[in-house]
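Trainee: Based on the provided sequences and hints, a complete structural model is requested.
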Amino acid sequence: MNTSAIVGAIGRVLKWAPAVIFIVLIATFASLSPRFLTVQNLGAILVQSSWLIVVALGINFVLLTAGVDLSVGAAMYLAAVGVCLGIPEAPVWIALLASIVVGAAFGAVNASLIVRLSLPAFIVTLATLFIGRSLGLFFSSTRIVYANREIADFGRAALWGIPMPLWVAGAAIAVSWVLLNRTALGPSIRSIGADAEGARRVGVPTKPVTWGVYALCGGFAGLGGFVSLSQTSAASGAFGQNSEFLAIAAAVLGGTSLFGGRGNLWAPVIGAILIMIVQNGLVIIDANPYAYPVITGAVIFIAALLDSIRSHLQTRLEKRAVRPAATDAAPVFNSVATRTNR
Amino acid sequence: MTSSVSTARVRVERLAKSFSGIKVLDDVSFKAYGGRVLGVVGENGSGKSTTMNLLTGVLPRDGGTIFLDGQPFNPSSRRDSDAAGVAFIQQELNVFPNLSVAENLFLLHPPRRFKGLPIVSRRQMTARARELLKRVDLDVSPNALASTLSAGERQLLEIARALSSEARVFIFDEPTSSLTTRESARLFDLIRRFRQDGAAVLYISHNLEEVLELADDVMVMRDGRVTLHTESSGLSVGDLVLAMVGRPIEALFAERQQISAADRTPVLDVTDLGAPGVLRNISLRVGRGEIVGIAGLMGSGRSELARALFGLDRHQAGAVRVNGQVMPAGDVKARLSAGVAFLTEDRRHEGLMMNASVADNLALAALPMFSSSAGLRVDDRKLFEAVRELATRVNLKSGDMRTAPVRSLSGGNQQKVVLGRWLLRGPSLLILDEPTRGVDVGAKQEIYRLLTQLADSGMAILVISSELEELIGLCDRIHVMRRGELTAEFPRGRFDREALLRAAFGQAYAA
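For the protein sequence lines, the chains are A and B, in the order given.
Heads up: the first sequence at position 330 corresponds to 329 in numbering that gives the first Met the number 0, and the numbers run straight through without jumps.
Heads up: the second sequence at position 144 corresponds to 143 in numbering that gives the first Met the number 0, and the numbers run straight through without jumps.
The set of hints was computed from the structure by calculation and includes no laboratory data.
For each residue, glycine too, the CB sits at the ideal point set by N, CA and C.
Hints may contain errors.
[Claimed, not checked] Stretches of chain A that chain B covers, calculated by requiring three or more beta carbons in the stretch to come under 8 Å of a beta carbon on chain B:
| hint | region |
| --- | --- |
| 1 | 188-196 |
| 2 | 301-308 |
[As the list claims (entries may be wrong)] Here are a few chain B residues that sit away from chain A, every Cβ distance over 10 Å (derived from the structure):
| hint | residue |
| --- | --- |
| 3 | M353 |
| 4 | R424 |
| 5 | I471 |
| 6 | A487 |
Mentor: This is the structure we're talking about:
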């Protein structure tokens with residue numbers, strides 16, 4: 000009984016881990032540089048985060064089903080190449096929609112391979128990660144592609160004082176919120192993540208839902224690619240590279256589990272901002288550029304570690320709940336209680 | 000069957016089902032009527048759950064027809080049977096701990112806010128959830144996470160979910176196995192209400208007295224067939240038990256020479272073994288050359304005992320001695336070096352490499368014995384000789400051992416490969432959990448013969464099985480396990496199926 004109380008307490012503490020990391024990071028960077036804790040810089044961090052927020056929101060759906068998508072970086076690049084080369088003169092809103100379509104189509108390929116052929120998502124998306132990037136390099140002849148004027152302006156524009164990238168991120172959050180909390184899709188996704196076979200038994204249409212989740216993830220990645228493109232105006236062959244790991248780390252850092260079923264809408268948002276705080280802070284305190292990947296790697300490791308501990312505790316707690324003590328909950332037939340009715 | 004009701008709510012005719020060539024259901028026909036409860040009983044593996052899975056479309060059927068209120072009914076998934084008003088409360092709870100109570104209730108068809116738009120109305124969902132929870136007397140908040148519910152509460156939640164669609168048939172698969180007395184009483188009240196409302200209730204249970212109390216009609220299954228299907232009034236628990244087991248033992252088993260347990264040197268000696276909530280006060284001895292069986296219902300703690308004995312789970316109290324040597328709790332390695340072997344109930348997790356050849360699988364454990372001192376070179380020819388000899392010893396039937404993958408073997412032959420591999424180590428104590436599950440009769444016989452031979456050569460053997468006849472035919476002694484305790488012991492010669500079943504089901508049947 001004592002251990003379960005301790006386990007519960009540790010679980011509650013871990014629930015607040017993202018908030019604790021948040022505060023510790025901000026305090027550290029603020030003490031190291033006076034330029035860090037300014038309204039201007041904090042605003043800049045948010046704007047820098049917006050593309051990662053969008054991509055991580057997409058991957059969040061996949062993680063909730065206990066799946067994984069390693070190919071979002073490639074989807075971002077393909078969307079950028081498609082927009083820059085395919086429809087170079089297009090108005091910005093058309094370009095935005097087009098990048099979602101390209102990403103979703105790419106995601107749909109993943110989805111079909113995973114669902115129809117029952118292949119492991121890890122392998123499928125690892126393959127499409129390379130295929131997608133190579134296709135992009137093929138179309139661009141490995142040259143840098145440039146966004147048109149309108150797109151580049153979009154990345155720097157603001158509406159009612161709020162930069163456009165943040166509006167897009169906000170819209171992505173709103174769409175995710177509705178899907179997760181106000182449609183049957185949300186509980187279906189989480190039921191699959193908790194127990195895919197159980198979900199199938201109950202009658203959840205696991206295959207269509209899984210398919211949709213990977214297509215959705217691709218669509219969000221395409222949109223994230225567009226946001227990033229609008230901010231940088233150009234995409235080299237390395238555009239979006241490694242962003243799959245940043246996005247997964249963001250979602251997990253915020254509290255979504257790699258093991259499926261556990262997590263919420265805000266996890267990827269908070270996690271993405273956390274990661275950008277680290278990157279921004281390192282720049283501001285003039286850290287050695289070679290230290291960036293080390294620190295980012297450490298952040299990903301911490302995210303995975305926290306998740307693993309949380310999941311371990313969870314299963315321990317649930318095991319107790321599911322399997323009652325043999326002595327007090329075994330079937331005891333109370334014949335008196337039932338005989339009275341006859 | 001009854002004159003008061005004209006057409007059956009559920010009529011099942013000649014239902015059949017096989018799993019990988021083994022017939023589990025054969026010609027199952029029965030009827031269930033609206034306003035009546037049909038109790039379904041049978042030993043583990045008699046086909047009760049499979050029948051219900053076919054009835055609700057969880058599994059596809061191989062043959063037979065199902066009628067629902069006279070109409071042909073062909074569900075291909077739970078969605079179909081739910082939609083048709085057939086509610087199935089499964090033994091394995093399908094409650095998702097990471098969803099809220101209300102989300103669990105309305106997982107498939109949440110109430111919509113606007114017509115035509117798939118947007119959920121949270122307010123309506125909560126309100127309707129509250130209503131359903133009230134109907135099953137479950138006092139929890141609709142917004143509480145299901146992980147905060149007790150096992151019994153989850154069961155009630157599962158029933159509430161069945162109510163969320165208007166059901167005309169309710170199927171309960173051992174609903175009380177995780178309920179406390181009070182919760183069971185509540186459930187029975189509910190079932191009576193369903194019956195009053197005109198629904199047909201199919202009620203599967205191991206608790207025979209419970210079934211006789213509750214059911215208007217009873218159906219007994221054995222080996223995938225219906226052996227008794229009649230009104231329950233006038234039936235006794237004894238009648239049911241007889242219909243459940245009444246079959247002569249075929250000549251599957253070899254003769255066992257009688258040596259009293261006291262005259263044997265103990266190999267396994269367990270005293271007061273305990274693990275909180277799972278095992279209590281287990282004392283048990285298995286001597287040289289002795290076969291001891293553990294009988295008990297599913298969930299009685301049989302497998303947990305085996306796992307604790309082999310050190311896969313830690314025990315908290317008592318001692319396990321092998322050949323006089325105390326085994327530390329949770330230490331598998333110590334058991335291995337003391338000469339203990341353990342065959343779990345699941346071959347796939349047994350370490351069989353399904354795609355590798357039979358020879359490779361057999362040789363795995365023997366490799367160290369045939370490698371040079373440096374361990375770099377293996378004497379292939381000698382190794383293959385040993386493997387071939389082993390295959391003959393366990394009477395393995397396979398194609399070319401060097402090319403045929405283990406996957407291609409029948410369940411019985413796969414089991415022989417596992418068994419053979421353990422034999423290479425020459426264990427002094429062999430623990431088997433359900434050694435013949437999913438194995439056809441011919442292979443069963445060979446496994447029995449092999450086990451008998453091993454015992455005659457001095458090995459101590461502990462067998463856990465759901466099949467009473469297997470234990471009766473094979474063992475020198477049988478312990479009965481119930482609720483984590485060994486409640487009765489029968490020496491060979493005093494084996495009696497009814498007495499064993501009574502002990503497994505509880506003292507209520509002693510009279």
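Trainee: Look at each hint and say if it fits the structure.
Mentor: Against the structure, the hints:
no.: 1; hint: 188-196; in the structure: holds (count 5)
no.: 2; hint: 301-308; in the structure: violated (count 0)
no.: 3; hint: M353; in the structure: holds (17 Å)
no.: 4; hint: R424; in the structure: holds (32 Å)
no.: 5; hint: I471; in the structure: holds (25 Å)
no.: 6; hint: A487; in the structure: holds (17 Å)
In this structure, the one hint that does not hold is number 2.
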